[in-house]
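Chemist: Each protein sequence line maps, in turn, to chains D and Z. Its first residue numbered 0, the first sequence is counted upward by one per residue in numbering that gives the first Met the number 0. Its first residue numbered 0, the second sequence is counted upward by one per residue in numbering that gives the first Met the number 0.
Check before you lean on any hint, since a few could be wrong.
[Unchecked claim] Here are the simulated DSSO-like pairs of lysine-lysine, each with C-alpha atoms no more than 30 Å apart in a straight line:
1) D:Lys194 to Z:Lys124
2) Z:Lys287 to Z:Lys36
3) Z:Lys132 to D:Lys196
What the hints contain is simulated information worked out from the structure, not anything from laboratory work.
Each chain is listed here by its residues.
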Amino acid sequence: MPGLTGKDQVLTDYANKLAVLDAPKGRSLTQDALRRLSKNKAAVVSIGIVVLIILVAFIGPYFVPWGYSEVDWTSIRKPPDFDKGHFLGTDQNGRDMLARVLQGTQMSLIVAAVATVVSVTIGVIYGAVSGYFGGRVDSLMMRFVDVMYALPYILFVIILVVMFGRNPVLLFVGIGAIEWLTMARIVRGQTLSIKEKEFIEAARASGAKPFAIIMRHIVPNLSGPVVIYATLTIPEIIIAESFLSYLGLGVQEPQTSLGTLISAGAPVAEVLPWMLLGPAAVLVTLLLCLTYIGDGLRDALDPKDR
Amino acid sequence: MSASEREPILKVRDLSVEFTLGSNGLFGGKKILRAVKGVSFDLYQGETLGIVGESGCGKSTLSRAIIRLLPASAGEAVWLGRDIQKMNSNELLDLRKDIQMIFQDPLASLNPRMTAGDIIAEPLKIHMPNIGKAERAVRVAEMMQKVGLLPTMINKYPHEFSGGQCQRIGIARALITNPKLIICDEAVSALDVSIRAQVVNLLMDLQKELGISLLFISHDIAVVRHIAQRIMVLYFGEVVEIGEAEQVTMDPHHDYTKRLIASVPVPDPKVEMERREERRKLRRAAAKAA
Ligand SMILES: Nc1ncnc2c1ncn2[C@@H]1O[C@H](COP(=O)(O)OP(=O)(O)O)[C@@H](O)[C@H]1O
Ligand SMILES: [Mg+2]
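Go ahead and model the full structure; you've got the sequences and the hints to work with.
Modeler: Following this line, the structure appears as C-alpha cells:
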C-alpha cells in the first residue's frame with residue numbers, strides 16, 4: 000500500500016538514521032546576516048581594524064623594547080626616538096609611550112568586554128523575564144529600572160570602589176551591572192512583541208515551561224537589537240572608563256588605559272603632543288570602527304528596515 | 000456510527016470567556032468584552048467538529064480556553080472526565096500532551112532560529128525526556144515522512160520551506176506526542192487554494208489512520224463542510240447552530256448560517272449571479288429584522 004503521502008514508507012530505522020546523517024545543513028538566519036554583513040565594505044574593514052587593534056594590543060607588548068612601567072632615566076619628556084626604541088616618545092617619567100599605549104588599549108578593551116558581557120547578560124535576562132511575564136511582575140521590575148536610572152551613577156561607582164577596592168576589572172563588572180538598564184528596556188520591548196507570535200503560543204500549548212520558553216524561543220530571537228546595542232555599549236563604556244580614570248576612580252598607576260593616557264596627555268598637548276596623539280588616535284579609530292560595525296550589523300540583521 | 004452512545008472525550012458546558020478592556024490609565028473605566036458566551040458541545044473520539052463563524056466571533060478564544068491558555072470566566076471544559084480548570088500541574092502536562100494545536104500562520108508558528116528537526120522534536124523533549132537523541136531523530140524523521148516532508152530536510156530552517164511545507168512541520172510537531180485531539184485554528188486559511196486541499200486531505204488521512212479527534216476552526220464554511228462530520232456555528236461568541244455537517248449546510252436553521260453559506264463563492268458565474276441576488280435579499284431581510 001502506498002504511504003499516505005504517496006511515498007514509500009518502507010524505510011528502516013537504519014535508513015532513517017542514514018538520511019539524518021546525510022541531511023544537508025540549513026542556512027540559519029545568523030549565517031544569512033553574516034553573509035549580508037560581509038558585503039558591507041565599511042563594516043568589513045572596520046572589523047579588520049578592530050581585530051588588528053586587539054591583536055596588537057595583546058601581542059605587541061612582547062615585541063616592544065620597553066615595559067609600560069619601565070623608566071628610562073636618560074630620556075624623559077622626549078619625542079619619538081628610534082635609536083633608543085621609543086617609537087612614540089616618552090612621558091614625563093621617562094616611560095615609553097608605545098608600551099603605555101599598548102597596555103592602555105589592552106586595559107580599555109578588557110574593561111569594555113567585561114562590562115558589556117555583564118550588562119548584556121543581566122539586561123537580556125531581566126528584560127525577557129519582565130516582558131514575558133507582564134502584568135504586575137513587569138510593572139514592578141520596570142519600576143525598579145526607573146529607580147536605578149534616577150540614582151546618580153557616580154554614587155554607585157564610589158560605593159563599588161569602596162566595596163571592591165580599586166581592582167579595575169571588578170570595578171567594571173560593577174559598571175556593567177549599571178549599564179544593563181537600557182538593555183533591559185530594549186529587550187523588554189522586543190519580548191512584548193515576540194511573545195505575541197504564534198510560535199510562543201505553540202510552545203505554551205505543547206507544555207513548555209516559562210523558563211524554557213524564555214531561553215529557547217525568546218532570547219535567541221532577540222539577537223538583532225541586542226547585538227546592535229552591545230556594539231554601542233562598548234564605546235560608551237570606554238568613554239565612561241576614561242571619565243572615571245580622569246576622576247581618579249578607575250585604573251591605577253602604573254597601569255593605564257586609553258582614558259587615563261588621554262587625560263594625562265591633554266594638558267601638555269602643546270609641549271608634548273606625542274603624549275596625546277598616540278592614545279587619541281587609537282581611541283578615535285576604535286570608536287569609529289565600532290560605529291561602522293554597529294551600522295553594518297543593523298543593516299545585516301534587519302534587512303527589512305533599510 | 001452513532002456517537003451519542005459513547006462517552007465524549009471532551010465535554011464543554013456553558014463555557015464563557017471575558018476580556019477586561021481599558022483597565023489601563025488612572026480614570027479609564029473597565030469595560031468587559033464577552034468573547035465567548037456560554038458555549039456547550041461534546042466531542043467524540045475520532046470525530047471532526049468544525050467551528051465556523053466570521054473573524055472576531057470568538058473561535059480562537061474558545062479554543063484557547065479549552066486548553067487553558069486563557070482562563071474561563073464561567074462554565075467548564077471536561078477532558079476525559081477531568082475539569083481542565085481544576086487540573087494540577089501534572090494533569091495539565093498530560094493535557095498538553097493529549098491536545099495539540101496547529102496554527103494559522105505557517106511561518107510565524109515556527110521559531111525562526113530552530114531547525115525543522117528541533118521544532119518537531121520539542122514536544123517530545125518536554126513529554127518524553129527519557130528518549131535518547133538517536134531515537135528522537137528517528138522518530139522525527141518518521142514523522143516528517145508521514146506528513147510528506149523529506150527527512151533530509153531535518154536541518155533546514157523554517158524560512159527555507161514553502162508555506163505548505165511549514166504547515167506540514169506544524170502538523171508533524173502536533174502529531175509527535177500521539178495526541179488524542181488536535182485543534183486546527185484556521186490551519187489552512189493562509190495557504191494557497193491548491194496547497195490548502197493537499198493539507199486538508201493530509202489531515203483527513205492522518206485522522207483516519209491515527210483515530211484522533213479534530214476541532215477544525217475556520218471562517219470558511221466550504222472547507223469545514225469538506226472535513227467535518229459535525230459543524231458548530233458561532234456568532235458573536237454564541238452557538239447559533241450545531242448539527243451534522245450535511246444538515247447544517249443543506250438545511251440551515253439560523254439566518255446567520257444561511258448568510259455564511261450564501262457567501263461561499265461558486266466557480267460557475269451564472270450560479271454565482273443568482274447567489275449574489277439571494278445574498279442581497281437575505282441582507283435586506285436581516286436589516287429589516289434588526
Ligand atoms: N487578548 C485579548 N484581549 C482583549 N480582547 C481580545 C483578546 N483576544 C481576543 N479578543 C477579542 O475577542 C473577540 C474574539 O476574538 P477571537 O477569538 O480571536 O476571534 P476569531 O478567532 O473568531 O477571529 C474579538 O472581538 C477580539 O477582539
Ligand atoms: Mg482566530
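Chemist: Please go over all the hints and tell whether each is borne out by the structure.
Modeler: Status of the hints after comparison with the structure:
1. Between Lys194 (chain D) and Lys124 (chain Z) the CA atoms are separated by roughly 21 Å; this keeps the pair inside 30 Å, and the hint holds.
2. Distance restraint check for Lys287 (chain Z) and Lys36 (chain Z): the Cα-Cα separation of roughly 25 Å lies within the 30 Å cut-off, and the hinted pair is therefore satisfied.
3. In summary, the hint linking Lys132 (chain Z) to Lys196 (chain D) is supported, as the alpha carbons are separated by about 28 Å, within the 30 Å threshold.
The structure agrees with every numbered hint stated previously.
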